[in-house]
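Using the hints, position chain B against chain A.
There are 2 protein chains.
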Amino acid sequence: MTTSSKFSRRLMLSALGAFPVLAATTRFTPVQAQRSGDWLPSWNDGPAKSSITDFVARVTSGPDFVPEDQRIATFDNDGTLWIEQPMYVQLAFALDRVRAMAPQNPDWKKKQPFRAVLEGNMEAVAKSGEKGLTEIIAATHAGMTTAEFEKITSDWIATARDRRWKRPYTELVYQPMLELLAYLRANGFKTFIVSGGGIEFMRPWTERIYGVTPQQVVGSSIKTRFEMRDGKPVLFRLPEMNFVDDKAGKPIGINSHIGRRPIAAFGNSDGDLEMLQWTTMSGGPRLGLLVHHTDAVREYAYDRKSHFGRLDKALDAAGPNKWTVVSMKTDWKRIFAFE
Amino acid sequence: MTTSSKFSRRLMLSALGAFPVLAATTRFTPVQAQRSGDWLPSWNDGPAKSSITDFVARVTSGPDFVPEDQRIATFDNDGTLWIEQPMYVQLAFALDRVRAMAPQNPDWKKKQPFRAVLEGNMEAVAKSGEKGLTEIIAATHAGMTTAEFEKITSDWIATARDRRWKRPYTELVYQPMLELLAYLRANGFKTFIVSGGGIEFMRPWTERIYGVTPQQVVGSSIKTRFEMRDGKPVLFRLPEMNFVDDKAGKPIGINSHIGRRPIAAFGNSDGDLEMLQWTTMSGGPRLGLLVHHTDAVREYAYDRKSHFGRLDKALDAAGPNKWTVVSMKTDWKRIFAFE
Chain A
0 MTTSSKFSRR LMLSALGAFP VLAATTRFTP VQAQRSGDWL PSWNDGPAKS SITDFVARVT
60 SGPDFVPEDQ RIATFDNDGT LWIEQPMYVQ LAFALDRVRA MAPQNPDWKK KQPFRAVLEG
120 NMEAVAKSGE KGLTEIIAAT HAGMTTAEFE KITSDWIATA RDRRWKRPYT ELVYQPMLEL
180 LAYLRANGFK TFIVSGGGIE FMRPWTERIY GVTPQQVVGS SIKTRFEMRD GKPVLFRLPE
240 MNFVDDKAGK PIGINSHIGR RPIAAFGNSD GDLEMLQWTT MSGGPRLGLL VHHTDAVREY
300 AYDRKSHFGR LDKALDAAGP NKWTVVSMKT DWKRIFAFE
Chain B
0 MTTSSKFSRR LMLSALGAFP VLAATTRFTP VQAQRSGDWL PSWNDGPAKS SITDFVARVT
60 SGPDFVPEDQ RIATFDNDGT LWIEQPMYVQ LAFALDRVRA MAPQNPDWKK KQPFRAVLEG
120 NMEAVAKSGE KGLTEIIAAT HAGMTTAEFE KITSDWIATA RDRRWKRPYT ELVYQPMLEL
180 LAYLRANGFK TFIVSGGGIE FMRPWTERIY GVTPQQVVGS SIKTRFEMRD GKPVLFRLPE
240 MNFVDDKAGK PIGINSHIGR RPIAAFGNSD GDLEMLQWTT MSGGPRLGLL VHHTDAVREY
300 AYDRKSHFGR LDKALDAAGP NKWTVVSMKT DWKRIFAFE
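Line by line, the protein sequences are chains A and B.
Going by numbering that gives the first Met the number 0, the letters in the first sequence line up with residues 0 to 338, in that order.
Going by numbering that gives the first Met the number 0, the letters in the second sequence line up with residues 0 to 338, in that order.
So that you can see chain A by itself, here it is in the shape it has in the complex:
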């Protein structure tokens, strides 16, 4: 957090950075980019990179100029900003929580889908379907205050490790996308996350990792209830869905939280189709972009038949809508900062 606020302050003083909170990661210094003149050093030159820089040039000057307060860019999270294989990170969190909470819930040893989780039987977990998943989410995401959940999430994200890379998930974010976030902000954009993931699961770390403040995070949510506990007001998390920020829910979430239509949207799956439609099919210069997972060696290769992050309809829609399709294998020099 110290590093982060140091960057912020430095950028506040720069002519480009007239924003209260700015791109601030330990992996990429916008100031360096300013000097070299290339904000996207991890992108190979080619049509994907050009489509981004051309779009930014177009909306920041000339006949297609867009005022700063309308430069809204929305980013999906899972598979667009960080990894989503072999499973969504938030699902890994939920399964870890089941294991951590098992001693307090002895009946779970006999009760599905919890038993399957505790036995590591992922096939049985998957077989429990949406009903099973909902039970897992309710048991692990509800029944505490928002402050308690924030602490649980923050502790987990600080200690959990991905099995393949043996690194915190917050290091498994895509370096080219961090550069893109910073580049857009330096050009007067406001960057939002619009994710199917839980809004309160993301907010504790998005500012530190992506430079995106809590108020610029849109996501799925469960209901909460305001109540007084020991004379103190709390918000208590209830085992009931409030909003699913996925597919046709994304334009709804955008409208509810932002109240303006984005002019650029970034996704990687069919869950982002409607967000890209809503963003790009509205006249004027627009940028729609899909991250295509094509690199089985450096990350993963998947699309039309994947269980997480399926990219099928949206891939078919890319051509007719002139969306940029980024091949991770050929368009990205680096995928992670640690490479």
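Treat the hints with caution; some may be incorrect.
Repeated chains share a single entry, so a pair holds when one copy, or any two copies, can fit it.
As the list claims (entries may be wrong) - With a cut-off of at most 27 Å between alpha-carbon atoms, the simulated BS3-like pairs for lysine-lysine come out as follows:
| # | residue 1 | residue 2 |
| --- | --- | --- |
| 1 | Lys222 | Lys246 |
| 2 | Lys222 | Lys130 |
| 3 | Lys108 | Lys328 |
| 4 | Lys246 | Lys231 |
| 5 | Lys332 | Lys109 |
| 6 | Lys312 | Lys328 |
| 7 | Lys130 | Lys108 |
| 8 | Lys150 | Lys328 |
| 9 | Lys328 | Lys222 |
Simulated from the structure, these hints should not be mistaken for laboratory data.
Just chain B now, kept in the frame of chain A:
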């Protein structure tokens, strides 16, 4: 809007105004305030004004310093930023819409509560209760796209006049509160509206009038549905409540939209009680403030028994919680800019 963006640009260049969108109203120029040294010229000196300036001094330097990204201030709208008598402005809008839509709905002549509206029988409208009001809201606020509703609202707010002052409602905003908004922003605060009113009813004009961007407006909402119409994506407004941003709903709306707890909250009625509790009962320097309508001559005098904007429980809670109670009669030099 031209004036507004001119102010914005000017402020962007000033050392104090490191924000993309800033206080910008035609009635108050923060630059003037900067020169005179008094950001709150329409406030009489006294405990109410001091409680504000003391709080701001306290959180911007010294041992109680609060970093800028945590300087969140939330404002109720009806009765706190603009008038709410003889009825909520949005209700006046709904009744006007019933009249405007009547030719296309000939059955309304015989059907309550519409008949009562068309006959100007406000007693019968009131008697139709929550059920009647819901029907009026559904008929006037749903059944069109969000873009269409934005146009209807914008056209109405530009032409409708309050009966007592014969002025647009957007001139019936409280000058001292406009100054307060600008003062807080100049001190690194982010100012949010958190209103029981409709989020999409407010957003078309809050930036121009209050300097509050659409994304910083939190309010009540109806459900919307994403769909393609003639090959274009739209959000269609449905006759179904989504969220009521009032009373215990306000902390929930704040948590959902902002994701951070405010350190200052401003209201005027029991609808703001929980917002003030949530804001001030959290440790550290906090400011809770209630606008008390005490000026029957220059505005209105009402509190415990009012139909709109009842201030009863919250007034009782002010003492024990050390909330500032502003008497419009004695604490405000001017109420409106045109005085």
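Now the hints, each set against the structure:
Proximity of Lys222 to Lys246 under the C-alpha cut-off of 27 Å is found in both arrangements, the shortest distances being 20 Å within a copy and 16 Å between copies. When the C-alpha separation of Lys222 and Lys130 is checked against a cutoff of 27 Å, the pair qualifies both within a copy, at 18 Å, and between copies, at 25 Å. With identical chains, the CA atoms of Lys108 and Lys328 are never at most 27 Å apart, being 43 Å at best within one copy and 67 Å at best between copies. Within a single copy, Lys246 and Lys231 get their C-alpha atoms only as close as 38 Å, which misses the 27 Å cut-off; across copies the closest is 16 Å, which meets it.
In this homomeric assembly, Lys332 and Lys109 never come within 27 Å of each other (Cα to Cα): the closest approach is 49 Å inside a single copy and 71 Å across copies. Within a single copy, Lys312 and Lys328 get their C-alpha atoms as close as 21 Å, which meets the 27 Å cut-off; across copies the closest is 62 Å, which misses it. With identical chains, the CA atoms of Lys130 and Lys108 are at most 27 Å apart within one copy only, with a shortest distance of 18 Å there and 49 Å across copies. With identical chains, the CA atoms of Lys150 and Lys328 are never at most 27 Å apart, being 37 Å at best within one copy and 46 Å at best between copies.
Taking identical chains as interchangeable, the C-alpha atoms of Lys328 and Lys222 are never at most 27 Å apart, the minima being 40 Å within one chain and 41 Å between chains.
The structure is inconsistent with the numbered hints 3, 5, 8, 9, although it conforms to all the rest.
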